[in-house]
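Participant: As a plain string of letters, each chain reads:
2 protein chains.
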Amino acid sequence: MKKVVIESVAMNGGVGDHSYANNSSLQRSGFEAAKSLIHEAIMEKLDIKHLCNGKSFRITDLGCSAGPNTFIAVESIVEAIEQKHHSEGLKLPLPEFHVYFNDQLSNDFNTLFNSLPLERRYFAAGVPGSFHTRLFPEKSIDLVCSLSALQWLSKVPEDVVNMGRIHYSNAPSEVMEAYKGQFSKDMERFFDARAKEVVHGGLMVLSFPCIRDGQPYSRFLVGVFFSLLGSALMDMVKMGKVDQTKVDSFNMPFYAASPKEVEALVERNGHFTIERMETQNFPILQGEGAIQVYSKHNRACAEGLIRQHFGHDDEIVDELFDLFSNKLSEYFSILEESSMNFVFVLLKRKQD
Amino acid sequence: MKKVVIESVAMNGGVGDHSYANNSSLQRSGFEAAKSLIHEAIMEKLDIKHLCNGKSFRITDLGCSAGPNTFIAVESIVEAIEQKHHSEGLKLPLPEFHVYFNDQLSNDFNTLFNSLPLERRYFAAGVPGSFHTRLFPEKSIDLVCSLSALQWLSKVPEDVVNMGRIHYSNAPSEVMEAYKGQFSKDMERFFDARAKEVVHGGLMVLSFPCIRDGQPYSRFLVGVFFSLLGSALMDMVKMGKVDQTKVDSFNMPFYAASPKEVEALVERNGHFTIERMETQNFPILQGEGAIQVYSKHNRACAEGLIRQHFGHDDEIVDELFDLFSNKLSEYFSILEESSMNFVFVLLKRKQD
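One line per chain: the protein sequences are A and B, in this order.
According to the working numbering, the first sequence is numbered sequentially starting from 4.
According to the working numbering, the second sequence is numbered sequentially starting from 4.
One should not assume that every hint holds.
Identical copies look the same in the list; a pair holds intra-copy or inter-copy alike.
What the hints assert, rightly or not - Cross-link-like lysine to any residue pairs, in silico, SDA-like; alpha carbons within 25 Å at most:
no. : residue 1 : residue 2
1   : Lys58     : His135
2   : Lys199    : Thr114
3   : Lys199    : Gly57
4   : Lys199    : Gln289
5   : Lys199    : Thr276
6   : Lys188    : Leu121
7   : Lys188    : Glu333
8   : Lys94     : His135
9   : Lys38     : Glu99
10  : Lys158    : Leu121
11  : Lys58     : Ala196
It is worth saying that the hints were derived from the structure and are not from the lab.
One chain only, chain A, in its complex shape:
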């Protein structure tokens, strides 16, 4: 089987009907739930005296996409730090904030920059590149935030044989194991890079889709999406519109870890302490409107990968997502029984 290396996952750019900017309300709800935890994390765990010692305070959002969720996240972090600073009655002046918005090279930074709030309280920069690699100089970051991004693998595990499916949900266990192995390698690189970049005492706030221990993948919302999208692709194979081998060699580079796996990976890396960890459950959308939201959400996230692999034929892409919408209707009862969880982790950089 042909090896498939996904070079980069980028959400749809621009501000059009299919853009991520206009179809990221699900991620927004993920963020809204993380927001109060981030606020608490900063109030309780940020050593503001040590970190704001006469220099600017440097924040990065890793996997920020093209907005607007990233701006809400950053704004709320800055607000919490200001509140913490105020509550401690420090004599030090409030630091200036430098915020680095990071995402893949193929992210639409032009849209990101043009959506930057005009009245922001920070200096902004964009940083193109994979967060599985080094992005910043040593000891230059005070707070890392990454929301709804770490579930994206750097690539599909190379030796996956996954006939007629595009994900490990409903796949043989060796497919699942290969994904698990890739996630583990990716997180190792992620933690190694951040361990160099984050100052001692610096915080890292991570939140991404997870699976609860024992939860079957057949009832994990995103797994259901990918099963239905794979099924829609197979329908197109039957209609002679898509090549079967193309489907066999396509896999979504998405992995939902369990909190236990995340904990083990942090411990193996050894440079961070877990200050807080919890899972959050998200309500599944109900009613007819849900189908359109889910369909557009999946298109904003997956269209780039699909075009890279299957070609840039608009008609094929439109038809695929029409079929996908029909599948969502047909299997709506399964969606309603599924669940969607996020793991929230607060890490602190240890003294070496």
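The hints should help you fit chain B onto chain A, whose structure is shown.
Facilitator: This is chain B only, laid out in the frame that chain A set:
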């Protein structure tokens, strides 16, 4: 007369036939000439022990456009610092470099990021915004470089009445004075912002088109370009294709200062010492090929402003630059008699 505020000057984006990326060889020759001066400046004036004291070395290129000249400039700066570090036999390890590529919000950062050299020796970030405003936290930059950018005014001076022309060349002296006043205000804001951002002992390397004392504007190459472009626009007025009032209210926000003016502005600001200053003369292109190069160069730089003001009609823009090319042919002898100079200034941030 209607006031015209030019919101932002951005070179043409992308990598197409009319792009700045493919039509910036004139700026490249400007940079090539500055290159050896930059190298000397770093070797002679950079206090490497003070600036590389266990932290990363932060460089910004202000007005970088979409490449490729900016990468050559930055590469050569990094190389010079490495050489300086080596030549002093310092025990400190070579610092990591963090490079901030800055340009207007309307700059094509997607093209810039996708053109970043893969084998670079620095961490890269993009910073959108006008360099006439603050872009970075206090004392966060070690070396500022700005090549072929400071000639662009933040806006056309507001009360300019400049019938049938698009620039101060060949215009009444009050037009010229208004431009001079705007340049002076802009540079004041530029130096004030940089004075906050650059660390004590940090360097600032500036190079931009200038006029030699006593040189008539009628023989300043860029002034000749704008006279001919204005004349081409007036031809289109006569042909009924462009509205006269539109031409009257359009002015290129470009100013070529004299070295004496620059010196006075640095002194008035008071936060920098002039470590070196010289003017460099550029050979005027000869032969038929020159016309095409000049025409494309002007289009890559001016098309954005023209479209903002006159509308986005491709036919009008194409016809304008065809007429402009004809004018370049017709007045080629004037171009051959003209001259093009750049001022190179090396500044050092004083201790307050």
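Participant: Now look at each hint and say whether the structure bears it out.
Facilitator: Each hint tested on the structure:
| no. | hint | in the structure |
| --- | --- | --- |
| 1 | Lys58 / His135 | between (27 Å within a copy, 23 Å between copies) |
| 2 | Lys199 / Thr114 | neither (30 Å within a copy, 29 Å between copies) |
| 3 | Lys199 / Gly57 | both (22 Å within a copy, 14 Å between copies) |
| 4 | Lys199 / Gln289 | neither (44 Å within a copy, 53 Å between copies) |
| 5 | Lys199 / Thr276 | within (15 Å within a copy, 36 Å between copies) |
| 6 | Lys188 / Leu121 | between (39 Å within a copy, 23 Å between copies) |
| 7 | Lys188 / Glu333 | neither (37 Å within a copy, 65 Å between copies) |
| 8 | Lys94 / His135 | neither (38 Å within a copy, 31 Å between copies) |
| 9 | Lys38 / Glu99 | within (22 Å within a copy, 34 Å between copies) |
| 10 | Lys158 / Leu121 | between (36 Å within a copy, 19 Å between copies) |
| 11 | Lys58 / Ala196 | both (23 Å within a copy, 17 Å between copies) |
This entry does not satisfy hints 2, 4, 7, 8, going by the numbered hints stated previously.
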